[in-house]
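A.B. asks: Listed in order, the protein sequences are those of chains F, R, S and X. In this text, residue positions in the first sequence follow the UniProt record's numbering: the first is 1, and each later residue adds one. In this text, residue positions in the second sequence follow the UniProt record's numbering: the first is 1, and each later residue adds one. In this text, residue positions in the third sequence follow the UniProt record's numbering: the first is 1, and each later residue adds one. In this text, residue positions in the fourth sequence follow the UniProt record's numbering: the first is 1, and each later residue adds one.
Misleading hints may appear alongside valid ones.
For identical chains, the list gives no copy identity; a pair is met inside one copy or between any two copies.
[Stated by the list, open to error] With a straight-line cut-off of 25 Å between C-alpha atoms, the simulated DSS-like cross-links for lysine-lysine are:
#, residue 1, residue 2
1, K78, K160
2, K4, K78
3, K38, K78
4, K4, K38
5, K4, K160
6, K4, K29
7, K160, K38
8, K78, K29
9, K145, K160
Hints were generated in silico from the structure; no laboratory data involved.
Number of protein chains: 4
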Amino acid sequence: MDEKDTNRLEAFSDGVFAVAITLLVLDIKLPYADSSGKLLGNSELWQAIFEQWPMLLAFVTSFFTIGIMWLNHHRIFKHIKHSDTSLVFLNIILLMLIVFIPVPTALLVEYITHPELNTAALLYSGTFFAMALCFNLLWRYASYKGRLLGQQVDMDGVNKISRQYLFGPLVYIIALAIAWINTPASLIFNLLLAIFFALPDTPMKPGKKDQDPQLPMSESV
Amino acid sequence: MDEKDTNRLEAFSDGVFAVAITLLVLDIKLPYADSSGKLLGNSELWQAIFEQWPMLLAFVTSFFTIGIMWLNHHRIFKHIKHSDTSLVFLNIILLMLIVFIPVPTALLVEYITHPELNTAALLYSGTFFAMALCFNLLWRYASYKGRLLGQQVDMDGVNKISRQYLFGPLVYIIALAIAWINTPASLIFNLLLAIFFALPDTPMKPGKKDQDPQLPMSESV
Amino acid sequence: MDEKDTNRLEAFSDGVFAVAITLLVLDIKLPYADSSGKLLGNSELWQAIFEQWPMLLAFVTSFFTIGIMWLNHHRIFKHIKHSDTSLVFLNIILLMLIVFIPVPTALLVEYITHPELNTAALLYSGTFFAMALCFNLLWRYASYKGRLLGQQVDMDGVNKISRQYLFGPLVYIIALAIAWINTPASLIFNLLLAIFFALPDTPMKPGKKDQDPQLPMSESV
Amino acid sequence: MDEKDTNRLEAFSDGVFAVAITLLVLDIKLPYADSSGKLLGNSELWQAIFEQWPMLLAFVTSFFTIGIMWLNHHRIFKHIKHSDTSLVFLNIILLMLIVFIPVPTALLVEYITHPELNTAALLYSGTFFAMALCFNLLWRYASYKGRLLGQQVDMDGVNKISRQYLFGPLVYIIALAIAWINTPASLIFNLLLAIFFALPDTPMKPGKKDQDPQLPMSESV
Chain F
1 MDEKDTNRLE
11 AFSDGVFAVA
21 ITLLVLDIKL
31 PYADSSGKLL
41 GNSELWQAIF
51 EQWPMLLAFV
61 TSFFTIGIMW
71 LNHHRIFKHI
81 KHSDTSLVFL
91 NIILLMLIVF
101 IPVPTALLVE
111 YITHPELNTA
121 ALLYSGTFFA
131 MALCFNLLWR
141 YASYKGRLLG
151 QQVDMDGVNK
161 ISRQYLFGPL
171 VYIIALAIAW
181 INTPASLIFN
191 LLLAIFFALP
201 DTPMKPGKKD
211 QDPQLPMSES
221 V
Chain R
1 MDEKDTNRLE
11 AFSDGVFAVA
21 ITLLVLDIKL
31 PYADSSGKLL
41 GNSELWQAIF
51 EQWPMLLAFV
61 TSFFTIGIMW
71 LNHHRIFKHI
81 KHSDTSLVFL
91 NIILLMLIVF
101 IPVPTALLVE
111 YITHPELNTA
121 ALLYSGTFFA
131 MALCFNLLWR
141 YASYKGRLLG
151 QQVDMDGVNK
161 ISRQYLFGPL
171 VYIIALAIAW
181 INTPASLIFN
191 LLLAIFFALP
201 DTPMKPGKKD
211 QDPQLPMSES
221 V
Chain S
1 MDEKDTNRLE
11 AFSDGVFAVA
21 ITLLVLDIKL
31 PYADSSGKLL
41 GNSELWQAIF
51 EQWPMLLAFV
61 TSFFTIGIMW
71 LNHHRIFKHI
81 KHSDTSLVFL
91 NIILLMLIVF
101 IPVPTALLVE
111 YITHPELNTA
121 ALLYSGTFFA
131 MALCFNLLWR
141 YASYKGRLLG
151 QQVDMDGVNK
161 ISRQYLFGPL
171 VYIIALAIAW
181 INTPASLIFN
191 LLLAIFFALP
201 DTPMKPGKKD
211 QDPQLPMSES
221 V
Chain X
1 MDEKDTNRLE
11 AFSDGVFAVA
21 ITLLVLDIKL
31 PYADSSGKLL
41 GNSELWQAIF
51 EQWPMLLAFV
61 TSFFTIGIMW
71 LNHHRIFKHI
81 KHSDTSLVFL
91 NIILLMLIVF
101 IPVPTALLVE
111 YITHPELNTA
121 ALLYSGTFFA
131 MALCFNLLWR
141 YASYKGRLLG
151 QQVDMDGVNK
161 ISRQYLFGPL
171 VYIIALAIAW
181 INTPASLIFN
191 LLLAIFFALP
201 DTPMKPGKKD
211 QDPQLPMSES
221 V
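Work out the full structure: start from the sequences and follow the hints.
C.D. replies: Structure, rendered in structure tokens:
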């Protein structure tokens with residue numbers, strides 16, 4: 001196997017993903033007192049927590065999305081063996097978009113109950129669309145003529161990613177269109193998208209089990 | 001030994017555990033001035049710090065719990081050698097619960113001196129119960145028919161974990177029941193639980209020393 | 001190849017870079033309500049976001065700068081194989097400057113629209129200048145007579161870095177001079193500097209492709 | 001060389017150290033407006049920054065101390081090859097004290113200009129003293145009869161650490177005594193202590209260079 005030159009790049013990226021996904025919790029503040037400062041009773045507190053559903057739904061959606069973006073990063077860097085300045089440059093832009101996610105998330109929480117105002121939802125879905133584009137750019141750059149893939153390329157895996165990445169930006173354009181029309185629907189669509197990409201037996205690993213039923217599914221992630 | 005495919009998954013998880021456990025400190029604010037803005041004197045400051053015992057006790061309990069959850073994650077991933085999309089999906093849900101811990105912790109701090117209101121304690125213990133369930137699910141999925149364990153399985157270690165994991169959710173159901181009755185008692189029960197799981201010579205590694213007194217106890221963690 | 005003694009030093013530094021670059025987002029707060037607490041409409045929100053351009057420009061500049069500083073750290077530690085207490089000491093000072101960046105960044109955001117007041121811009125560019133000096137010191141210390149470089153030194157790579165590092169502090173002195181005269185210009189100059197250092201085919205890796213067109217460009221980062 | 005079982009324990013600890021050291025910056029807030037909200041002019045801003053010297057001095061001291069504590073952790077885990085539950089337990093307590101440092105740091109900043117009130121300084125130095133004790137406990141536990149050190153022990157290195165660790169808590173008792181008398185003096189003493197432990201050619205690596213002048217100083221950190 002080729003020696004990998006991207007270990008520290010992956011370690012640094014893992015760190016940024018880990019911090020970004022964890023910072024999402026800083027925006028969750030559950031209420032515990034009414035406007036006069038009196039502690040909420042049991043039923044009032046349950047009700048107050050349930051009223052925070054936009055915050056909790058946005059947290060779950062953004063958390064899953066960053067998690068799946070990490071998975072995608074992991075998937076493509078299994079094939080990328082070498083690094084150059086352009087790759088680091090594209091990776092920094094990608095990480096900047098990941099780190100930015102809490103900002104449109106916080107905005108979306110405020111606007112989710114006002115579906116007639118779609119700016120926040122557009123910004124939220126737009127950030128995800130930009131990320132999908134950036135992943136594409138990074139992958140096309142690294143895989144073009146096998147530029148950074150090393151000597152022993154798993155062509156099957158590489159081609160599979162290249163095919164999938166044709167569709168990634170497309171689904172996020174659909175998310176953008178839904179955001180134009182309806183804010184809560186676009187949030188739920190983004191959540192379903194993240195869950196869909198994370199589910200096993202999606203087009204992400206077609207035929208793997210059929211071909212090699214005995215083998216552990218180590219290549220599938 | 002099988003090659004491990006889970007290195008980056010573990011590195012990412014370690015990062016999330018590390019950030020989540022450290023962010024707990026952001027909720028500790030010691031007072032230094034009275035309501036008129038005058039700096040507290042020596043004895044007033046000591047008293048003000050001691051009055052923050054709910055905050056400090058909750059910090060210690062949540063810190064130990066996340067630490068022990070990391071240890072559990074480490075223990076089961078010593079046996080898990082391969083990864084697939086379902087495992088990553090379950091791991092993201094588990095990390096989401098870990099990251100969420102500061103939220104019920106902050107709520108508990110407000111309610112600990114009002115034991116007649118048990119909502120916060122239920123949410124706190126409920127989060128831990130959900131984590132225990134999630135650990136079980138992840139472990140059952142990975143170890144079912146040795147699915148993701150690799151060729152050379154340490155069956156003793158695997159069976160030990162499987163047996164222990166029958167009891168994990170049970171003790172957290174007890175914690176939930178205590179939370180229903182008495183908030184401070186449930187916090188202390190959770191702390192004792194974390195310390196118990198961390199102590200050496202618990203059922204976590206029965207007979208290890210007796211079997212191999214010369215060998216370093218490398219398998220015990 | 002020499003065994004590396006600097007693995008944990010690099011892992012710790014990667015962690016600090018990753019947290020510092022991610023914390024930059026905590027200073028981005030987009031407005032969503034007017035002074036009377038009323039939610040902003042679509043066009044008002046777009047306008048309010050665009051009015052935050054100093055915040056967003058400063059975020060992008062500091063993010064790229066920390067990213068490129070990480071790249072520099074990575075580049076020089078590819079050659080540094082051993083560690084001693086002085087190296088750790090210099091590395092801590094360097095990390096302290098990295099961690100400090102959000103402070104002058106936040107100050108710059110407030111002063112960018114008041115170009116007649118240059119203190120914030122001087123502090124911002126001054127922090128970068130101190131970082132460039134610190135990188136130089138660390139590199140000169142480690143590479144002096146090959147002190148910490150191990151047995152098999154890539155002399156070409158080492159000499160290239162040493163030549164480049166003559167110019168690093170110089171360009172940041174120019175940035176400092178521009179900060180004296182014009183705040184927004186110095187911010188943009190710093191951003192261009194980061195992009196310039198990140199771009200491929202800069203003097204950072206002269207002649208690499210010409211010498212070895214077949215080889216992957218693994219040494220260039 | 002023995003295989004190491006402590007890799008993930010070190011990775012997790014590195015993460016906690018990296019986050020804790022970086023979070024220190026969250027307590028640095030430079031002023032930019034006077035009480036009426038007017039932006040400070042050049043000379044006013046410089047003056048306002050210089051007036052924040054307690055905050056900046058405390059930041060530098062705590063940053064160096066956490067950095068040196070990381071170095072100590074790194075040093076002792078170079079010898080510790082195996083892990084058990086007690087070691088993880090002691091390590092969690094140690095990390096809890098590291099994570100706690102921003103709390104007494106923030107308190108100290110408020111009290112540094114009131115040297116007649118020594119509670120904050122005692123809490124600050126007391127935290128460091130507890131850390132020194134905890135390092136001792138962890139090291140004594142791991143090195144007792146070579147319990148967790150593996151087969152090929154570097155006895156010279158082990159004995160050196162054991163000797164040094166007799167003095168560690170002692171110097172922090174002195175720091176505690178100085179804190180009783182004078183707050184700013186104890187802060188500066190703590191800073192000097194960190195710098196002293198970080199300086200090369202301290203008793204930390206006696207005679208290394210004399211014995212093996214050709215060898216890289218890889219063992220010294």
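A.B. asks: Each of the hints needs a verdict: does it hold here or not?
C.D. replies: How the hints compare with the structure:
1. With identical chains, the CA atoms of K78 and K160 are at most 25 Å apart within one copy only, with a shortest distance of 13 Å there and 30 Å across copies.
2. Taking the shortest Cα distances, K4 and K78 sit within 25 Å of each other both inside one copy (9 Å) and across copies (13 Å).
3. For a Cα distance limit of 25 Å, the shortest separation of K38 from K78 qualifies neither inside one copy, at 54 Å, nor across copies, at 49 Å.
4. Taking CA atoms no more than 25 Å apart as the test, K4 paired with K38 passes in neither setting, with 59 Å inside one copy and 54 Å between copies.
5. With identical chains, the CA atoms of K4 and K160 are at most 25 Å apart both within one copy (21 Å) and between copies (23 Å).
6. For the identical chains of this complex, K4 and K29 are neighbours neither inside a copy (43 Å) nor across copies (39 Å), given an alpha-carbon limit of 25 Å.
7. Neither within a single protomer nor between protomers do K160 and K38 lie at most 25 Å apart by alpha-carbon distance, with minima of 58 Å and 49 Å respectively.
8. For the identical chains of this complex, K78 and K29 are neighbours neither inside a copy (38 Å) nor across copies (36 Å), given an alpha-carbon limit of 25 Å.
9. Taking CA atoms no more than 25 Å apart as the test, K145 paired with K160 passes inside one copy only; the shortest distance there is 15 Å, against 29 Å between copies.
Consistency with the previously given hints fails for numbers 3, 4, 6, 7, 8, ordered from lowest to highest.
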